[in-house]
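Make a model of the complete structure from these sequences and hints.
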Amino acid sequence: MQFKLSDQHAMMHKMFHEFAQKEIAPYAAENDIKAEFPAEIMKKLGAQGFMGIPIPEEYGGAGADFLTYILCIEEVSRACASTGVILAVHTSVGTFPILYFGTEEQKRKYVPKLAAGEYIGAFALTEPGAGSDASALRTSAKRDGDDYVINGSKIFISNGGHADVYTVFTTVDSKLGTKGITAFLVDKDTPGFKVGSIEKKMGLNADVTTEIIFEDCRVPASQRLGKEGEGFKIAMSLLDGGRVGIGAQGLGIAQAAYDEALKYAQFREQFGQPIFNNQAIAFKLADMATRIEAARLLVYQAAFRKENGLPNGKQASMAKMFATDTAMYVATEAVQILGGYGYSREYPVERLMRDAKITQIYEGTNQIQRLVIAKALEKGL
Amino acid sequence: MNFQLSAEHEMIRKMVREFAQKEVAPTAAERDEKEEFSREIFDKMAGMGLTGIPWEEQYGGAGSDFLAYVIAVEELSRVCGSTGVTLSAHISLCSWPIWKYGTEEQKQKYLRRLAEGSALGAYGLTEPSAGTDAGAMRTNAKVDGDNYILNGTKIFITNGDGDIFVVFAITDKTKGAKGISAFIVEKEFPGFRVGGHEKKLGIRASSTCELVFEDCIVPKENLLGKEGDGFKIAMSTLDGGRNGIAAQALGIAQGAFEAALSYSQGREQFGQPIFNFQAISFMLSDMATKIEASRLLTYQAAWLEQQQLPYGKASAMAKLYASDAAMEITTNAVQIFGGYGYSREYPVERMMRDAKITQIYEGTNEVQRLVISRYIKG
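The listed protein sequences correspond, in order, to chains H and S.
Taking my numbering as reference, the numbering of the first sequence is continuous, increasing by one, and the terminal residue is 393.
Taking my numbering as reference, the numbering of the second sequence is continuous, increasing by one, and the terminal residue is 376.
Derived by calculation from the structure, the hints in this document are not laboratory data.
As the structure is a computational prediction, the values presented were derived from the model and not from experiment.
Some hints here could point you the wrong way.
BS3-like, lysine-lysine: derived pairs with alpha carbons at most 25 Å apart [what the hints assert, rightly or not]:
1. S:Lys171 <-> S:Lys107
2. H:Lys296 <-> S:Lys311
3. S:Lys98 <-> H:Lys212
4. S:Lys12 <-> S:Lys98
5. S:Lys171 <-> S:Lys42
6. S:Lys185 <-> S:Lys173
7. S:Lys98 <-> S:Lys20
8. H:Lys46 <-> S:Lys197
9. S:Lys42 <-> S:Lys107
10. S:Lys32 <-> H:Lys46
11. H:Lys125 <-> H:Lys239
12. H:Lys296 <-> H:Lys275
13. H:Lys119 <-> H:Lys55
14. H:Lys245 <-> H:Lys154
15. H:Lys239 <-> H:Lys121
16. H:Lys245 <-> H:Lys119
17. H:Lys212 <-> S:Lys197
18. S:Lys107 <-> S:Lys218
19. H:Lys34 <-> H:Lys275
20. S:Lys375 <-> H:Lys296
21. S:Lys197 <-> H:Lys275
Partial chain H-side listing against chain S, Cβ under 8 Å, derived [claimed, not checked]:
22. Lys212
23. Phe279
24. Gln282
25. Phe283
26. Met340
27. Gly352
28. Ser356
29. Arg357
30. Lys369
31. Ile370
32. Arg382
33. Ile385
Cβ atoms here follow ideal geometry from the backbone N, Cα and C, with glycine treated the same way.
See the structure below:
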């Protein structure tokens, strides 16, 4: 075991941090209020090659390892959690499905553009009646000659309305349960595909989240991803990597909140001294720092295991659950440390608290994560 | 010990609950979204006799007690945390110090208007450099003939858009906390103005303002208590104010819990209501237990105050516990609602945003622990 980032990783981490603080952080508050897709920022990320970090060079990516990608998500999220999740969704569940399960033609058609940031990717699984129980989805795909016709709707889709290609999960036969689930790549302007209402959320407001609707949406069979009935397996395998990404997002949010609170506690004076001098505050910060340390190790461990092809289901879930619970805890305490100012929208910590909450819910609620962990424990993993 | 509410208290709860459902709940989400303080709702509360619950009828009050008051704040907060704190600050922070320390003239002149609800009351203590360290305030009051002249700024003032303010200012810089005095200020006094409105995470339908005093002329007869009594008045006012905030937190937690319980029984995944999963039902059990404890602590503190028994430790404990519980309960309620919990179309994310401030104002929960530690030391 080695507990030091390699020189290469440390350098990348520093670079991501500096870039994010300079090009993303100054706009985070404003983007939260505007609640618009941060197109300018995504272009900057594309120009830097950050939209395809773990994608092989032969497909236009940076060919870097998974940990490098995770470090990027962490630092981008630390500057702006919305931008962090846009990037994580784009790569983990917007690009990887095509890279891992696509035909050579599909890969050539989409991956280089996604890796360059010319295309934005999205992932459409959730439905009103299919949240944690993803297999209960009802969006249907009926074979019709050389095409499939898709009908149904998805909700809570990140990058909705801004993505160029959506990996959509349907069922070709609901009687087959999970074995009927089939994935498709749907281009944004496909007739019969439309973006519905934009979700009004507590936080993560620059991560535009929408309903998407399929009304006799006709896609050629060449847009099917993998074989009929492989869709559930595809979705579940993507979630593992996705979880590490969300763990990294949680870690970034927690770090940002902690940094603000530590700075404030050392600067704010009451009773003639910095409030940090009160054990109540110092000990709170000590607890926050400890949890962030543990969260970081869990997230980096999961990234390491994925990179090295080690079984990672349990560790990815632990990383996601722990890091996002940590984000919620640290952000809430950060508001507390900033007192009345923490509650004010003129200071960044209340936004961090609002942003943190969803990380405990999406890409598998932390209850589902515990289920995954429990099943692994049962198997002696 | 008796753990049953009297028939009178049950009736008050029922009355306020019905009022809250009919007049407050339907606009709670919209007022939060638009950050709109509703004077109309306050006027309706006045019409119901809620704005003077604990005060004697001779001052225009309802002649009821502090327990009835916390029940009212609880029931209002259950549907709208902003409305709960509007009433709490009005009664505990503005009306109470006048009731407790005012001359008969001051009570007839000001307490009556507050009790009847023709005036909305507020309390001006906090300043940019004086939060937890309230004694570090800088607003000062100088004698000038028949008046005091006030200069300074207060921030984070609940009901800042109101009419009557109990304001704290330094009359003698050399005496530290013992040089602070309390004043009753009317919004019409020359030199008084409302500065900016605070942009907040939650309780967005509650009016939270900066108050600016620029050579503000306050008649001498508006001194509350004696010169130098101000800090004592401020601190003792907060003791009772804590009961109001405990009740607000309790109400918010109750509303969130009920919503989560109902959702978990209606929402099906994996072919059954999610309530069937121990993860969810145990979360709800913990929530219900903490609410029960919060309620008992809050009612105990109110009862002690009513009985004129010492209540400082009890009110600090109630505020501390109920607000920490509310934060946890509302956060878990959002979790139980899943993706929908994060949506502004459902009420629980608003309740979570509202809950946070209850851990901070009227004495941060760190201050509550300080207060409690002093009591337990003996």
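Structure-based check of each hint:
Taken as a hint, the S:Lys171 and S:Lys107 pair is broken in the structure, with Cα atoms around 30 Å apart against an allowance of 25 Å. Only pairs whose Cα atoms come within 25 Å are accepted, and H:Lys296 paired with S:Lys311 is accepted, the gap being roughly 23 Å. As the CA atoms of S:Lys98 and H:Lys212 are separated by approximately 46 Å, the hinted pair breaks the 25 Å bound. For the hint pairing S:Lys12 with S:Lys98, the CA-to-CA distance comes to about 29 Å; that exceeds 25 Å, so the pair is violated.
With a CA separation close to 43 Å, the supplied pair S:Lys171 and S:Lys42 exceeds the 25 Å bound. Pair hint S:Lys185 plus S:Lys173 does not hold up; C-alpha atoms about 29 Å apart against a cutoff of 25 Å. Our distance criterion of 25 Å between C-alpha atoms is broken by S:Lys98 and S:Lys20, whose separation comes to about 34 Å. Straight-line distance between C-alpha atoms of H:Lys46 and S:Lys197 comes to about 15 Å, which keeps the hinted pair within the 25 Å bound.
Our distance criterion of 25 Å between C-alpha atoms is met by S:Lys42 and S:Lys107, whose separation comes to about 22 Å. About 15 Å separates the Cα atoms of S:Lys32 and H:Lys46, which keeps this hinted pair within 25 Å; it holds. At roughly 24 Å between alpha-carbon atoms, H:Lys125 and H:Lys239 fall within 25 Å of each other, so this suggested pair holds. With a C-alpha separation of about 14 Å, the suggested pairing of H:Lys296 with H:Lys275 holds against the 25 Å cut-off.
For the hint pairing H:Lys119 with H:Lys55, the CA-to-CA distance comes to about 22 Å; that is within 25 Å, so the pair holds. This hinted pair checks out: H:Lys245 and H:Lys154 have alpha carbons roughly 20 Å apart, not beyond 25 Å. Note on H:Lys239 and H:Lys121: the hinted pairing holds, with a Cα-Cα distance of about 18 Å set against a maximum of 25 Å. A C-alpha spacing of about 19 Å is found between H:Lys245 and H:Lys119, which places the hinted pair at or below 25 Å, so the restraint holds.
A hinted pair counts as satisfied when its Cα atoms are at most 25 Å apart, and H:Lys212 with S:Lys197 qualifies at roughly 19 Å. Proposed proximity of S:Lys107 and S:Lys218 is supported: the alpha carbons are some 15 Å apart, at most 25 Å. Under the criterion of a C-alpha separation no larger than 25 Å, the hint pairing H:Lys34 with H:Lys275 is consistent with the structure, at around 19 Å. A hinted pair counts as satisfied when its Cα atoms are at most 25 Å apart, and S:Lys375 with H:Lys296 qualifies at roughly 23 Å.
With a C-alpha separation of about 22 Å, the suggested pairing of S:Lys197 with H:Lys275 holds against the 25 Å cut-off. At about 4 Å, the closest approach between the beta carbon of H:Lys212 and any beta carbon in chain S falls short of 8 Å, and the interface hint on this residue holds. For H:Phe279, the suggested interface contact is broken, since its CB lies about 12 Å from the closest CB of chain S, more than 8 Å. Given hint, H:Gln282 at the interface with chain S, holds; its Cβ is 4 Å from that chain's nearest Cβ, closer than 8 Å.
The interface hint given for H:Phe283 holds, since its Cβ lies 5 Å from the closest Cβ of chain S, which is under the 8 Å cut-off. Against a cut-off of 8 Å between C-beta atoms, the interface hint on H:Met340 holds, since the closest Cβ of chain S lies about 7 Å away. Nearest Cβ of chain S to the Cβ of H:Gly352: about 5 Å, under the 8 Å cut. The hint holds. Because the beta carbon of H:Ser356 sits about 6 Å from the nearest beta carbon in chain S, less than 8 Å, this interface hint is met.
The interface hint given for H:Arg357 holds, since its Cβ lies 4 Å from the closest Cβ of chain S, which is under the 8 Å cut-off. Of the supplied interface hints, the one on H:Lys369 holds, with its beta-carbon coming within about 6 Å of a beta-carbon of chain S, less than 8 Å. This hint holds: H:Ile370 has a C-beta 5 Å from the nearest C-beta of chain S, less than the 8 Å allowed. At a threshold of 8 Å, the smallest CB-CB gap from H:Arg382 to chain S is about 7 Å, leaving the interface hint in force.
Checking H:Ile385 against chain S: minimum C-beta separation of about 12 Å lies over 8 Å; hint violated.
Violation of the numbered hints given earlier is confined to hints 1, 3, 4, 5, 6, 7, 23 and 33; the remaining hints are satisfied by the structure.
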